[in-house]
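Chemist: Below, each chain spelled out in residue letters.
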Amino acid sequence: MNWLADFFGDSAHWSGPDGIPVRLLEHLGYSAAAFLVAALIAVPLGMLIGHTGRGALLVVVAANAARALPTLGLLVLVVLLAGVGTVLPVLVPLIVLAVPPILVNTYEGLRGVDADLRDAAYGMGLRGPQVLFRTLTPVALPLILLGLRLSAIQVVSTATVAAFVGLGGLGRFIIDGLATKAYSSVIGGAVLVAALALAVQFGFLLLDRVVVSPGVRQTR
Amino acid sequence: MITFEGVTKRYRDGTVAVDDLSLEVPTGAITVFVGPSGCGKTTSLRMINRMIDATSGRIALDGQDVREIDPPTLRRGIGYVIQQAGLFPHRRIVDNVATVPYLLGWNKKKARARAMELLELVGLDAGLANRYPFQLSGGQQQRVGVARALAADPPVLLMDEPFSAVDPVVRASLQDELLRLQSELRKTIVFVTHDIDEAVKLGDTVAVLRVGGRLAQMAGPATLLTEPADDFVRGFLGRDRGIRRLSFISAKEVRLGPAPPDLVTGEDGRPLGWRTGDGLAAYGTFDPETDSLRAALDAALLSPNGVAVAVDEEGRVRGVAGRDAIDELLAEYAPPVRGAGSAEEAPA
Ligand SMILES: Nc1ncnc2c1ncn2[C@@H]1O[C@H](COP(=O)(O)OP(=O)(O)O)[C@@H](O)[C@H]1O
Ligand SMILES: [Mg+2]
Chain G
1 MNWLADFFGD SAHWSGPDGI PVRLLEHLGY SAAAFLVAAL IAVPLGMLIG
51 HTGRGALLVV VAANAARALP TLGLLVLVVL LAGVGTVLPV LVPLIVLAVP
101 PILVNTYEGL RGVDADLRDA AYGMGLRGPQ VLFRTLTPVA LPLILLGLRL
151 SAIQVVSTAT VAAFVGLGGL GRFIIDGLAT KAYSSVIGGA VLVAALALAV
201 QFGFLLLDRV VVSPGVRQTR
Chain R
1 MITFEGVTKR YRDGTVAVDD LSLEVPTGAI TVFVGPSGCG KTTSLRMINR
51 MIDATSGRIA LDGQDVREID PPTLRRGIGY VIQQAGLFPH RRIVDNVATV
101 PYLLGWNKKK ARARAMELLE LVGLDAGLAN RYPFQLSGGQ QQRVGVARAL
151 AADPPVLLMD EPFSAVDPVV RASLQDELLR LQSELRKTIV FVTHDIDEAV
201 KLGDTVAVLR VGGRLAQMAG PATLLTEPAD DFVRGFLGRD RGIRRLSFIS
251 AKEVRLGPAP PDLVTGEDGR PLGWRTGDGL AAYGTFDPET DSLRAALDAA
301 LLSPNGVAVA VDEEGRVRGV AGRDAIDELL AEYAPPVRGA GSAEEAPA
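These protein sequence lines are chains G and R, in that order.
In terms of the UniProt record's numbering, the first sequence opens at residue 1 and continues consecutively.
In terms of the UniProt record's numbering, the second sequence opens at residue 1 and continues consecutively.
FYI, nobody ran anything at the bench for these hints, they're computed from the structure.
Just so you know, these numbers come straight off a predicted model, no measurement behind them.
Warning: the hint list may mix true and false statements.
[As the list claims (entries may be wrong)] What follows is a list of derived Cβ distance ranges for each label pair: (1) R:Asn107 with G:Gly73: 20 to 28 Å; (2) R:Ser56 with G:Gly203: 25 to 33 Å; (3) G:Thr52 with R:Pro168: 35 to 43 Å; (4) G:Arg54 with R:Ser56: 51 to 59 Å; (5) R:Asn107 with G:Asp114: 42 to 50 Å; (6) G:Thr52 with R:Ala165: 24 to 32 Å; (7) R:Asn130 with G:Arg54: 33 to 41 Å; (8) G:Arg217 with R:Pro168: 30 to 38 Å.
Beta carbons are placed, not taken as given, at the ideal position from N, Cα and C, and that holds for glycine.
Starting from the given sequences, assemble the full structure and let the hints guide the process.
Modeler: Following this line, the structure appears as structure tokens:
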């Protein structure tokens with residue numbers, strides 16, 4: 001508790017380029033950028049594969065690769081390839097990390113829609129894209145949102161790696177704290193990351209309330 | 001009219017689901033496709049709205065080959081009802097019903113007004129309109145399914161085992177409702193079922209299919225019962241064909257006699273029972289206006305003296321019919337002599 005008071009009570013931690021607000025914004029910036037790019041890739045791809053049934057292998061490969069891939073290793077690799085000084089070393093690993101949960105859940109969500117329902121949609125005279133957007137997607141939405149949420153939380157937690165390549169973010173508090181044995185800083189940084197992850201979780205639950213039809217919401 | 005001309009469906013794995021099927025589905029009547037599971041009923045039905053395309057042969061709607069019509073356009077003009085209703089879970093009931101009107105570009109207000117009309121038509125409370133499908137019972141969902149199929153007033157309705165997932169009591173009421181609707185709407189309905197009793201109850205014409213997708217017999221239900229074409233049809237029809245056939249003869253023509261003094265009636269004119277030495281005995285009633293000869297015979301069998309009590313719609317006694325009166329009508333409607341199979345027993 002003392003450590004927390006030391007960290008959050010110190011007014012020096014609340015201003016300047018090293019302060020909590022700046023670090024938080026940096027952290028959010030990397031996370032949001034990586035998450036958005038990943039969502040823009042994975043949601044449409046997952047929908048397309050789920051709807052057509054073609055390319056399912058890609059989903060399986062992505063799901064397994066995600067488990068095997070070391071984020072830090074990828075970070076180092078991108079630094080070696082692209083050099084320090086750009087945001088690429090942090091964005092690329094985060095995007096790679098963020099894609100699989102979205103892709104897999106979007107795909108599974110669409111595949112999981114009752115065959116009778118799909119059939120009824122075509123039988124009423126909906127065309128392929130209408131079936132996808134008006135029937136399959138709204139019904140699969142809880143799972144699609146779950147994928148987005150898992151991905152966002154992972155990105156927010158993992159964006160701490162940005163500090164390894166001198167790119168700021170909340171990871172700075174942790175890494176610098178470890179280096180200087182300033183444990184209050186380590187713990188303060190970790191608490192901030194955890195709080196951010198919780199906020200993301202909460203945000204998605206709210207989104208769920210707003211965009212998912214009560215007819216398909218999982219908790220009725 | 002829907003015409004099948006030598007229609008065959010061979011699936012990619014080689015299964016021949018429908019084999020050289022030729023038949024005509026008359027306009028404005030209910031035609032039932034019935035047969036054991038896997039005999040190609042669903043396949044036959046779905047070739048009409050092109051959910052499945054025939055391998056060879058031709059299906060025509062009022063003369064036009066369905067393959068000349070773009071499938072979504074074709075389907076918007078044909079009502080389609082499936083077993084599990086297939087309602088869109090994310091849409092309110094009213095919007096489910098308005099699906100096809102929306103697709104046809106009606107404005108929201110008009111489409112919803114039409115949907116409300118249909119909910120009433122299928123006997124659903126307007127209060128259900130804003131619910132979601134999961135908030136409805138299975139029977140109510142099926143009614144919504146029927147309303148949705150009728151929304152754009154298509155001349156043709158395809159129904160694939162629409163009532164087989166609900167319990168028998170609800171099923172019977174849905175069947176009655178369909179018959180009532182049909183007497184108003186006069187749609188061309190193709191109804192698929194594996195239940196021969198349902199087929200016989202609903203069909204103006206019944207097409208019996210055998211496994212391998214071949215037509216075994218197509219006839220009116222009464223004819224089917226008295227003159228099954230072969231052992232397969234006879235076996236499929238099951239027991240009591242003679243009795244069941246009486247369901248298609250109206251009890252209107254039963255000669256009624258005056259109620260005898262030993263029939264005790266209450267103040268309201270309703271029967272109380274037959275007077276016997278030590279009290280009242282059981283009785284059976286039928287309404288000649290709405291019931292069949294089967295109901296009249298049943299009523300006679302329920303009375304100890306073999307006399308059926310005829311009542312009006314209020315249940316008041318109109319007269320009685322003895323077994324002799326019923327027998328006269330039975331004789332009049334005896335199966336035609338040419339029906340070679342009519343008197344034979346079903347093979348065990
Ligand atoms: N998509 C399919 N691929 C291969 N065989 C099928 C397919 N759909 C149905 N069948 C087969 O075709 C036959 C007829 O099926 P179906 O029309 O569904 O029968 P029914 O509705 O009378 O039960 C069955 O033997 C079934 O296994
Ligand atoms: Mg079937």
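Chemist: None of the hints should be skipped; say for each whether it holds.
Modeler: For each hint, the structure was consulted:
With their beta carbons about 58 Å apart, asparagine 107 (chain R) and glycine 73 (chain G) fall outside the hinted range of 20 to 28 Å. For serine 56 (chain R) and glycine 203 (chain G), the Cβ-Cβ distance of about 58 Å falls outside the hinted range of 25 to 33 Å, so the restraint is violated. Taken as a hint, the range 35 to 43 Å holds for the pair threonine 52 (chain G) and proline 168 (chain R), whose Cβ atoms sit roughly 41 Å apart. The hint said 51 to 59 Å for the Cβ distance between arginine 54 (chain G) and serine 56 (chain R), and at roughly 28 Å that hint is violated.
The hint said 42 to 50 Å for the Cβ distance between asparagine 107 (chain R) and aspartate 114 (chain G), and at roughly 30 Å that hint is violated. A beta carbon spacing of about 30 Å between threonine 52 (chain G) and alanine 165 (chain R) agrees with the range 24 to 32 Å that was offered as a hint. For asparagine 130 (chain R) and arginine 54 (chain G), the Cβ-Cβ distance of about 39 Å falls inside the hinted range of 33 to 41 Å, so the restraint holds. A hinted range of 30 to 38 Å holds for the C-beta pair arginine 217 (chain G) and proline 168 (chain R), which are about 33 Å apart.
Consistency with the previously given hints fails for numbers 1, 2, 4, 5, ordered from lowest to highest.
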